[in-house]
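J.: In order, the protein sequence lines correspond to chains A and B. Anchor point for the first sequence: position 365 equals 365 in full-length UniProt numbering, and the numbering is continuous, going up by one each time. Anchor point for the second sequence: position 5 equals 5 in full-length UniProt numbering, and the numbering is continuous, going up by one each time.
If you're looking for bench data, these hints aren't it; they were derived computationally from the structure. Misleading hints may appear alongside valid ones.
Cut-off 30 Å, straight-line C-alpha distance, at most; resulting in silico cross-link-like pairs (DSS-like, lysine-lysine) [unchecked claim]:
id, chain 1, residue 1, chain 2, residue 2
1, B, Lys-40, A, Lys-389
2, B, Lys-14, A, Lys-389
3, B, Lys-69, A, Lys-394
4, A, Lys-33, A, Lys-389
5, B, Lys-2, B, Lys-14
6, A, Lys-394, A, Lys-298
7, B, Lys-44, A, Lys-394
8, A, Lys-394, B, Lys-40
9, B, Lys-143, B, Lys-258
10, B, Lys-105, B, Lys-44
11, B, Lys-143, B, Lys-105
12, B, Lys-2, A, Lys-394
13, B, Lys-54, B, Lys-40
14, B, Lys-143, B, Lys-40
15, A, Lys-394, B, Lys-14
16, A, Lys-298, A, Lys-389
17, B, Lys-143, B, Lys-69
18, B, Lys-40, B, Lys-69
19, B, Lys-189, B, Lys-136
20, B, Lys-40, B, Lys-2
Note that this is a predicted model, so its numbers are computed, not measured.
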Amino acid sequence: MPDPLRKIDDLVSALEELRLHVGPADLQVGERKVNGQLYIPLANACLRNRAALLYGGMGANKTTLVNLLGSAFLGLSFDEVENRMVTGHPEQTEEKIVGFIDPRQWSSSPAPSHRSSKSSISSLSSSSFSSFDEEVEAIEVLWTPWARSRWKVINEINRFPSGKQNLFLELLQKRKVSYAGETLDLGDTCYFATMNPDFSATYPLDEALLDRISISVPATQPDFLASLALAEREKEVYELAESLPRLSSKEFDSLPGMVAAVSLDSRVELSIISLLRDFTLCERAPAFDKTQLSGGSKPSRGLCAGCHYFNNPEVCCWQVDEGLSDRVRQDLRSYTRALSLLLGLGGSGELIEVLRAVAPYVIWHRLSPNRTMLERPPYYRAGRLQYIKDLVEKSINRTLNERGEMNMIFARAVDGEISPREAIEELSGYDDPIARLDYARALERMV
Amino acid sequence: MKLSGFMDQAYGGKVRGKKRLEEKRGEFLLGFEDLAQRLKERPKRAEVEALAPKDANSIVDLVLSSSPKGRREETIYGILTGLAAERLAEPLVIPPRNYAGLEMKRGTIVLDGAAPATGPKRVSGGAGQTRPQGAKAHHLGEKMSGGRLIIRGGAGDYLGQEMRGGGIVCSSSGDYAFRNMTGGWGVVKGNAGNYLGVGNSGGRIVVKGRVGARAGWLMRSGRIRVGEDASEYLGLMMGGGSISIGRRAGPRAGWRMKGGLIEAAGYGPEAGDEKVGGRILRREDL
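All chains, please: the whole structure from these sequences, using the hints.
T.: Spelled out as structure tokens, the structure:
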């Protein structure tokens with residue numbers, strides 16, 4: 001019977017003992033404190049087809065840590081994992097990232113004439129197209145080790161120009177990679193990316209790509225104590241990496257199933273749904289006119305002027321420019337489960353603490369906070385993650401402590417225990433954006 | 001699973017979904033603050049009425065002993081003044097405070113800065129304290145549907161807002177007086193501020209002195225009579241009703257007007273510019 005969790009615990013201890021990763025315990029989950037930079041990539045390693053972004057300056061142990069984890073989870077040497085990584089720079093080509101056409105396939109037989117020019121393709125009859133397709137399918141692509149790997153690391157993703165970033169967007173969206181008409185099914189893969197916005201030749205990450213990055217964690221440079229600990233490291237990283245415990249292929253494959261077996265209780269499910277609605281109430285355009293959903297319709301550009309909830313610090317929606325997509329809901333559920341599994345938490349009241357801990361990291365990179373609010377103390381424009389943490393805390397606390405009665409009224413109306421009209425009348429007394437903008441409208445449709 | 005079952009699980013069965021008002025009704029009322037605590041963020045008249053004492057004098061005691069803070073408590077205070085006035089045979093005389101006469105249906109309220117406060121408690125800033133010099137109460141007579149509100153002195157902003165019936169008399173008014181009025185009447189014995197009768201669709205307003213800018217803005221119906229001058233943008237984009245100015249209207253009177261009638265002794269520049277309907281008349285032409 002594989003026990004990957006015990007090995008992961010051993011891995012965490014070994015990383016610290018070998019001075020391969022020494023970080024502060026900055027992620028509070030209930031009573032327990034762990035290192036976020038380590039545990040969030042670990043949680044990502046327990047999931048499949050989710051992408052984790054490590055965000056920080058030079059020497060913050062982003063790339064090395066991800067490669068060390070890859071070495072332990074895939075049971076490979078550190079060098080092998082490092083060789084599979086792709087690193088961003090403006091001149092990086094698609095051929096170097098995903099693969100290239102194998103020239104050897106034409107050395108034995110001559111290339112068909114229609115491959116050589118577009119004009120010959122356009123002159124083909126429909127019957128000829130099928131034969132053309134067959135010929136195209138026959139093209140052999142040599143996929144790079146990165147493309148074939150189940151542990152994909154995109155180093156310095158922000159150094160890829162916008163056009164090349166689209167490659168990763170497509171990859172994360174379709175779970176497939178295409179080149180020269182050939183498609184490679186990527187299967188269940190763990191995705192990691194690192195980002196250092198201090199570098200020159202940095203390109204902004206596209207919002208669509210950011211939305212497909214499931215979780216993002218800031219990587220911090222070692223403080224004084226951590227530096228002292230790192231000074232004790234006498235061997236090179238690749239030598240020390242050989243001593244790390246390694247998971248077998250069976251153990252690595254069993255992790256997603258173990259995560260899926262963690263069941264989330266109603267409190268967590270309700271908090272997740274309410275959290276999403278708190279951030280997304282207007283979809284950044286009036287409900288009756290989605291044509292206004294353009295770059296100009298954002299709270300920071302006056303969208304919320306005149307709204308009853310504008311400038312109310314307890315309400316989240318106007319404090320960020322973007323809404324949250326349904327991917328966030330899936331990510332919140334997945335990472336809550338994964339971190340609960342890693343920390344051995346699952347009891348009553350523990351799961352909600354895991355959600356509180358995980359949610360800011362799932363959300364913060366996808367949103368642009370209101371500048372005026374962010375520039376105020378205690379954020380001073382720098383505490384973007386803390387700002388989102390505070391909003392998440394407000395939303396979850398409100399759902400658990402203040403929304404009970406109104407949620408119950410809405411539920412009773414949906415279940416037919418009270419009439420929708422009576423419920424609308426009752427809900428009109430609640431000055432809550434979800435009651436006003438979601439519940440009341442849903443009940444009006446039921447009348 | 002039913003949604004109420006899901007919610008029950010989420011809240012561990014602690015939320016009953018029973019109306020808070022039903023739970024609180026019938027309990028002994030300790031005072032205004034106690035009443036305010038039992039009500040929700042946006043209390044309605046029916047909810048206040050259900051929890052308030054039935055006896056008129058007890059409501060008056062509650063009104064006089066109160067020191068409302070914030071909009072929620074001021075709303076409760078306003079509804080209580082209306083309830084007291086409706087149940088008293090004689091006029092209710094109280095010092096002016098925000099929201100006095102809110103949703104009043106009948107009876108008479110006299111707001112007098114010098115009115116004696118007979119409440120059992122005198123809290124700093126409470127009803128018994130004289131308002132600071134120059135400070136005027138806002139939202140007086142809001143959503144009234146009947147009765148009389150007599151203000152001895154000037155009123156602040158939003159006087160008689162969304163009024164449906166009844167009458168208000170005051171010496172002067174601030175901005176947005178009689179906004180969205182649909183019925184009833186208002187008399188201002190002195191001057192009125194800006195935005196008088198904005199969006200009105202009924203009712204009658206008389207101002208003996210001057211009015212500020214944009215009087216009758218988006219007015220659809222009703223009447224406004226001003227004894228002296230009106231400032232700029234009189235009847236801006238109005239669609240109906242009539243406005244009569246005793247002396248001279250300021251610049252751009254009737255700008256983008258769609259209907260209705262404006263009548264004055266004289267007009268400033270650009271009167272009736274971009275007008276698509278309605279009439280602008282000079283009194284001498286009548």
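J.: Failing hints, ascending?
T.: none
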